[in-house]
Structures are given as structure tokens and as C-alpha cells.
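Visitor: Going line by line, the protein sequences match chains A and B. Take the first sequence: its letter number 214 is residue 213 in numbering that gives the first Met the number 0, and every next letter is one higher. Take the second sequence: its letter number 86 is residue 85 in numbering that gives the first Met the number 0, and every next letter is one higher.
One thing to keep in mind: the hints can contain errors.
Identical copies carry no separate label here, and so any pair may be met within one copy or between two of them.
[Stated by the list, open to error] Straight-line alpha carbon distances no greater than 27 Å define the calculated DSSO-like cross-link-like pairs of lysine-lysine that follow:
1) Lys162 - Lys422
2) Lys204 - Lys289
3) Lys225 - Lys181
4) Lys276 - Lys420
5) Lys162 - Lys196
6) Lys159 - Lys225
7) Lys162 - Lys204
8) Lys289 - Lys276
9) Lys450 - Lys159
10) Lys450 - Lys420
11) Lys200 - Lys159
12) Lys200 - Lys29
13) Lys159 - Lys420
14) Lys196 - Lys420
15) Lys200 - Lys289
16) Lys159 - Lys196
17) Lys422 - Lys289
18) Lys181 - Lys204
19) Lys450 - Lys162
20) Lys159 - Lys181
21) Lys422 - Lys225
22) Lys181 - Lys162
23) Lys225 - Lys276
24) Lys162 - Lys200
25) Lys289 - Lys181
Everything labelled a hint here was simulated from the structure, so no lab data went into it.
Number of protein chains: 2
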Amino acid sequence: MTTSQTTFEERVDRLYRRIHTLLERGETRKAQTILQALLPADQAEIFSELDDDEQLQLLQGLAPETIADILEHLEDEEAAEIAQRLPPERLADILDEMDPDEAADILGDLEPQEADHLLDLLSDEVEAEIRPLLLHPDETAGGIMTSEYLALGQHMWAEKALKAIREWSPDHDYLYYFVVDKDGHLLGVVSLLQLIKAEPKTEVKDIMDPNVISVRVDADQEACAKLMAHYDLTALPVVDEENRLVGVITIDDIIDVLEEEVTEDIQRFGGSEPLDKPYLLTSPLEVFRKRIGWLLLLFVTEMFTGTVLRHFEGVLAQVVALSFYIPLLIGTGGNAGSQTTSTIIRAVAVGDLDVDDAWRAFRHEITVGVLLGLGMGIVAFLRALSWGSSVDIALTVGIAIWAIVTWANSIGSLLPLLAVKLKIDPALVSGPLMSTLVDATGLFIYLSVAKFILHL
Amino acid sequence: MTTSQTTFEERVDRLYRRIHTLLERGETRKAQTILQALLPADQAEIFSELDDDEQLQLLQGLAPETIADILEHLEDEEAAEIAQRLPPERLADILDEMDPDEAADILGDLEPQEADHLLDLLSDEVEAEIRPLLLHPDETAGGIMTSEYLALGQHMWAEKALKAIREWSPDHDYLYYFVVDKDGHLLGVVSLLQLIKAEPKTEVKDIMDPNVISVRVDADQEACAKLMAHYDLTALPVVDEENRLVGVITIDDIIDVLEEEVTEDIQRFGGSEPLDKPYLLTSPLEVFRKRIGWLLLLFVTEMFTGTVLRHFEGVLAQVVALSFYIPLLIGTGGNAGSQTTSTIIRAVAVGDLDVDDAWRAFRHEITVGVLLGLGMGIVAFLRALSWGSSVDIALTVGIAIWAIVTWANSIGSLLPLLAVKLKIDPALVSGPLMSTLVDATGLFIYLSVAKFILHL
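Chain A with its partners taken away, still in its complex shape (with noise of 0.2 Å):
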């Protein structure tokens, strides 16, 4: 029994450094035994941290059912990384073990012939369960769904029902069955307390909630996960074109879902296309490529900046102070445009503001930049008078950072949701995004307060 008073990352860290010590000293049994005490999730967590080595020393003798354990807790790229090291036969016992649906995703990270090669050397049954699931696209319903499902027949008896889940014995719990007819449609859900509330002699099709709601199979994981989110589904069903029971999706793949679609959209506002892979596994090349395209584009987009300065040469000229103030006043104006852009992206994705609410949001921000430009721009022009500008320049300054905070909060709020309307990931608005476009505006806001209140 574990009531954690330290956090459980800290414990696995210190079993971390106890296996890895033990297995430098050749130790390898011992640290299997202490590995093969703990949970799965605790297991793997400590194994990716060991270099590949140390992982194969520490697989050789392992149980094929504790290494099915580990790769099913990895990540899809790690679990593949590690099987390809592994003799075929090895392999195959292994994947005999796990679940189908991590089974597949393995599969399918190996070449093709790889794959082929050891679903011939699996069971016939797990060849079969194993099978379909490479049909589907990773990102889809069907590829993270399980083939490991029981679907009761709507004529069945409660009794018989839960003789049927009883004899099934599948890995996991599970809480909701799903009913079909004799051709295998979706007809409805029942849970396992319903089934043993019923009346014996109840027919299936009595207790069940009709109002099931499903997925196709082709369906995108991440409309998965918000529909299992929002409507707080532990077990979503998945149905082909002719509403046919195919699989099941269950709540732990729809968190791993949830959590890469929340790195893809903080990677975009920091202003870079989201990586495939986990860091450290994607090679640095592959980084450079998903990041240099940003760079270009607001590169490009920055340029303007140059133009905007030809443009008021004369003006710094004359008065080469002014040109003192520049990185702070766009710096300033970047930074508003990104808080602003990083509170509305993230109202949007959980869905706290949509297009409808553009006004308000826009009034909002409006309302918010006012106040922070005044404030902002009493502090600069302080700043500006103490470093010994005249007040003219301080005045410049001030006047010009009220003017160029409003200005980002403005277009802050309204891009992102513009980019709903456009049906473009608002993410796209990222902060990068926000600071180039405030430099070239900022820039001229400033040079033009300038040769207004400088006369020049």
C-alpha cells in the first residue's frame, strides 16, 4: 500500500539509480528482481531512463509477460525502438502477451516485412486480433482502439450476460459491454452494475441505455478524446460504416491522446511545427527541418521592420536617442501580444470563448490594454527622464508604448479567433507569430509619435 508522502517520481528516480547502479555492477539479477516487483507503469518509466545496454542486459532472462508489461507502458516509438533489437522468436512471445491494440502499434512502427514475418510466427488467435488493427491509420479511432472487447447479444439473459463476462476473464476491468444484434450493430451499452442489479431472466436489450454514443472507425483521435472528455466517457465505442461494433477505445489511450495534442499546441505557440517523435529521440536534423520553416516565415514578416526604419531614416537621424528605445518599446509590445494570444488560444481549446464571443473578447482586451499601456507608459517615461532624455523623448516613449500595448492586445485577441473562423488552428497565432507582427507595426507607431511630438 503506497499513500505517497513523497511523490511517486521521486521514489521511481531512487529505484532508478538503484537498478542502474546494480546493472554496472553486473548485478543483473538483482536488479530484475527489484524491477520485477514494481508496477508496470513504474517499470517502464525506469527503463526508458537506462541507456541501450543497460536495457538489453536488463531484458535478457526477463519473462515474456513482464516485458509485455514494460513496452505497453512505453511510448509507441520507444516500445518499437527496443522490440527491433530482439531476436524474431523473442518478440513474438512477447507480443503474444499484450494487449492487441499496443501489439498492433508496434507492428506497425516496423517494416513491413518485419511485421509480416512475426504475425506468421504469432498464435492464429492473436494473428487475428492483431490483424485488422493494422488496417487503420495511427491517428484514427481504429488505431487506438482494442480488438479486446465482449459484445452481448441484445436477446441474452442478464444471467447469461455476466456468465459470459465471467468465462471471458479479459486483461483489464471493464465497466461498460456493449450490445449488438445477430449481425454485430450497435444497439446499445450496459454497465456492469446494471447487469447484476437485473432481474435474472431480463433480456439485455430491457436494461440497456439505447443512447450509446459511438464513433466511426475512421474518425480522428483527437474529436475521440474531446467526445470522451466532454461527455466524461470512460469507454467509447467504435462502429464501421454499417454501425458495426469494430472495437472499443478506453479512457487511459484518450489521456495519452490529450496529452499530444496539448504538445502540439504548446510546440506551435512557441512557434515551431510540433515534433513526431519524444525529444530526445528525434534527431536534431529532424528538428532543424520542423523548425527552419518558422523561422523563414517570420523572418520574412520581420523584414518589414527594416522597411519601416528606411522609412523614418531621417527622423533617427536627427535625433539618434530615439533609436535607444527601440528594442524596449517593440519588446514591450511583443510581450502584451503574447499574453494575449496565449490566454485566448487557451479559452478557445477548452472552449471558454468561440468566434460568437469575438466582440466581447476584443472589447475585453481592449479594455485590459488601455490600463497596461498607461501603466506601461508612465514607468517608461519615467525610466526615459531619469536616463537623461528630454521630456519631449520621454514623453515619445510613453505615449507611444500606451499606443503600441493597446495595439498588440487588439490584434492579440482578434488573430486567434480569426483563425477559428477560418477553421485554422489558432495555435498558429503563436507568441514568435505575435512579436514579429508588433515589431514592424510597433515600430511604426513609435516613429510616427515622434515626429509628431518632436516636430521633426
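Given chain A, put chain B in place with the hints provided.
Guide: Then chain B, alone, in the frame of chain A:
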């Protein structure tokens, strides 16, 4: 049965428009009929889109159970706001119908006297369930757990346990049941499936899993969420300091917590303090307060750019054209830095990276930085030439951008990991902070390169 081809968001949006139109026309009953036919999650979604008057109009005459369902599916603050607009007697009827943990959340958001008055209006049984929940701070295990659970005695026979579960009839389907001794100390966990598979006369303690993971009632909600996600738990028992079972956290609460935490991370990453409430419920003044601190801090940091520019005043005065490239160079550096930190921060959050990997991450990013810098440097060199700058200046710009990007990637990888090392939230190393840091140091790099190449 719904197999959604159109997304549920689209369907809900259509229904919202219909209900909105009916309410405008004064056809309240019709609007209510449509609403009542929907699932609670959808009812809440539509409800929160309506304005205050429409909400009140719709609530008139709805059954307390329906309103309870709606309030349960709204965000806490929104539910509390609506609750406050209802007469106390009616609100009490509604709270009576709600899950105790959700009812407690609403009461916790009201004024203490108001909450006390409402508790007195509730049935004794419900009051007894809710009162203890009010003692725990919102963001702890105690704050998100429910007191609706059924503890099984260790010496109960399986058949008696099943009978107890059957008679209990909770609002939700529960799969896992927790086993306690006569003093309520947590001993283990048993699933409904295990109970129906067991021999009727087996004692619960002989089929339960004694390796049950639990949390203390004062544990942080984020730690609970991470624990449940890590171990794929759908229910997490909460115990007091003497290991007595006091509540259960369910997976649907955890998805909300994970969402909240991601929202905080994204807002921090955008360079502001996270908001406490949904965006449109936060007043501009509150938003102002959450943002001004960071904006000022970044402003102070950004002032170093002024210092650097003054230091190189002579260089800038001699070659005015150099200043045209300033925003372009520091902008690109800031963008590269923001790309890096966002990737690193997220890799840390999902556990792909930790402090021990700092050296690997650093080498990774140096390589990426050198490559990106090279690409951007060449582009910048050519662009400067085509803008009519001299070869020397173009070379200065190209080399400077190469050095700045490499530098930005290095500190972009190290700072978040340093934050982790110092036990600070790495999301504080936001995009704006990176741009700001890179601005001053980037200027220094640029003007030093200029001084060297142009022999100034």
C-alpha cells in the same frame, strides 16, 4: 444513438442557436423541451452560451434534477454565479440532487453565511455528506474527492458485497470498491468483475488487491492527476493521516484538473500569471493584475538593450545602416529561443526529459542552433546584399544571426532545466522571457561582430 459525422461541437452549436431563437420569441416551454432531451454535458454547454436573462428565463420551471445536472457540468465559478441568482429554497432542492463534491464546490464559492443558511435547508443526510467536503482547500485531494463511495468490510463474503453494491444504487457506475477494516483503515481494492467472478462465500480480503495506491487528503490535486495518469487509475482512494478512507477521486475530475494545469502552463508560457477563472468571467482589472507584474519585470530586463546600445553608440553613429537590422536580428534570436524553450518545457512536463538529461538536451540544441543559424545566416546575408548593404555589413549580419541563433538555442535549452533543478516551474521560462533575454545579449553579439568585421 449518435455516430457523429458532424462533430458534437457543431451539433451543440446548432441546438444553441435554436434554443436562443425560441427564448427570444418567448417560447420558453419549447426551448425547455429541447434542452431536456439532451445529455447533461450538452445542456451545460448550451446553457453557458446563453446570457444571464436567457438563463433565468430557461431555469423557470425546470425540475431541480435537470438544473442539478446542468450545474454539475458547468465550471465551478459559473455554477456558483448562477446558484447565487436563485432563491435559497429552490437552490437547496437543487443541491439535494447534486453529487456531494459538486455541491460542495458551489457552496465553497458562496459567502460563508449564505452557505451555512443553505446547508440548514438541506436534508440531514445530504448535509452530512457535504459538510466534511467543505473543510478541504479547493486544490487538494480533499477538495476534488467525492464522499459518495461504498467501503467494503474485509470479512464480507463476495455475495454479500455484491448485494450491498446492488442496494447502494449510486448516481454513477463505479468499477472499483475499496476494502477497509472495522476502523475504516484502507486495506485494498477490488473490482466489480473480481467480485462476480469470485466464489460467493469467499471473503473480500482474499480477492482484493492489497497493493492499492492512495493519496492523503491534503495532497495537491495536480499530484493526484499525475498519479492517476501514470498508473492508469480510474479511481483513487483518499485517506486521512491515519490511513482511514475518507473519499474517492474519479477519473472525470482528473481530466478537468489536467486541463486546468495545462491552461496555467500555457498562460505562464505566454508570459502572464494564470487566471483563476474562465476568461470571460475575469474582469479586465483582474486580467491587468495578472499581467502587469511580468510585463514590468520583462521591461526592466529589456532595459539592458538600452545599455548595450549606448555602449556601442559610436559604432552605430559611424554606420547608421547597422541599426536597420537590429529588430530583425534580435527578433530572429527571440523566435529561435522561444521554439527551443517551448519544446523543452513540454518534454519536461510529459516526462520525456529531466534534469539528468540536461547535457544531452544542450548538445541537441547546440547542433540544431548551429544548423538553423547557418540557414538563417545565409538567407540574411543574401537579403542584406539585395537591400544594397555592403558585403562587410551583409557578412556582419549573416555571422551575427548565426551566433545569435546558436546562443538562443543554448540558453533556451538550459534555462528551463535549470528551473527544474531549482524546483521552479519551468513554464516560467516563457517565450517573452526568452525573447527579452536574447534581445540584450543578441545586440551585444551583433555589435561586437560589427566592430570586429568593420574595424570600428
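Visitor: All the hints need checking, so say for each whether the structure fits it.
Guide: Going through the hints against the structure:
no. : hint            : in the structure
1   : Lys162 - Lys422 : neither (49 Å within a copy, 53 Å between copies)
2   : Lys204 - Lys289 : neither (52 Å within a copy, 54 Å between copies)
3   : Lys225 - Lys181 : neither (31 Å within a copy, 42 Å between copies)
4   : Lys276 - Lys420 : between (30 Å within a copy, 25 Å between copies)
5   : Lys162 - Lys196 : both (14 Å within a copy, 9 Å between copies)
6   : Lys159 - Lys225 : neither (35 Å within a copy, 39 Å between copies)
7   : Lys162 - Lys204 : both (17 Å within a copy, 23 Å between copies)
8   : Lys289 - Lys276 : within (12 Å within a copy, 34 Å between copies)
9   : Lys450 - Lys159 : neither (87 Å within a copy, 87 Å between copies)
10  : Lys450 - Lys420 : neither (38 Å within a copy, 49 Å between copies)
11  : Lys200 - Lys159 : both (8 Å within a copy, 21 Å between copies)
12  : Lys200 - Lys29  : neither (54 Å within a copy, 40 Å between copies)
13  : Lys159 - Lys420 : neither (52 Å within a copy, 57 Å between copies)
14  : Lys196 - Lys420 : neither (49 Å within a copy, 53 Å between copies)
15  : Lys200 - Lys289 : neither (60 Å within a copy, 62 Å between copies)
16  : Lys159 - Lys196 : both (14 Å within a copy, 13 Å between copies)
17  : Lys422 - Lys289 : within (22 Å within a copy, 30 Å between copies)
18  : Lys181 - Lys204 : within (13 Å within a copy, 40 Å between copies)
19  : Lys450 - Lys162 : neither (86 Å within a copy, 85 Å between copies)
20  : Lys159 - Lys181 : within (16 Å within a copy, 35 Å between copies)
21  : Lys422 - Lys225 : within (17 Å within a copy, 32 Å between copies)
22  : Lys181 - Lys162 : within (19 Å within a copy, 32 Å between copies)
23  : Lys225 - Lys276 : both (22 Å within a copy, 21 Å between copies)
24  : Lys162 - Lys200 : both (12 Å within a copy, 17 Å between copies)
25  : Lys289 - Lys181 : neither (49 Å within a copy, 60 Å between copies)
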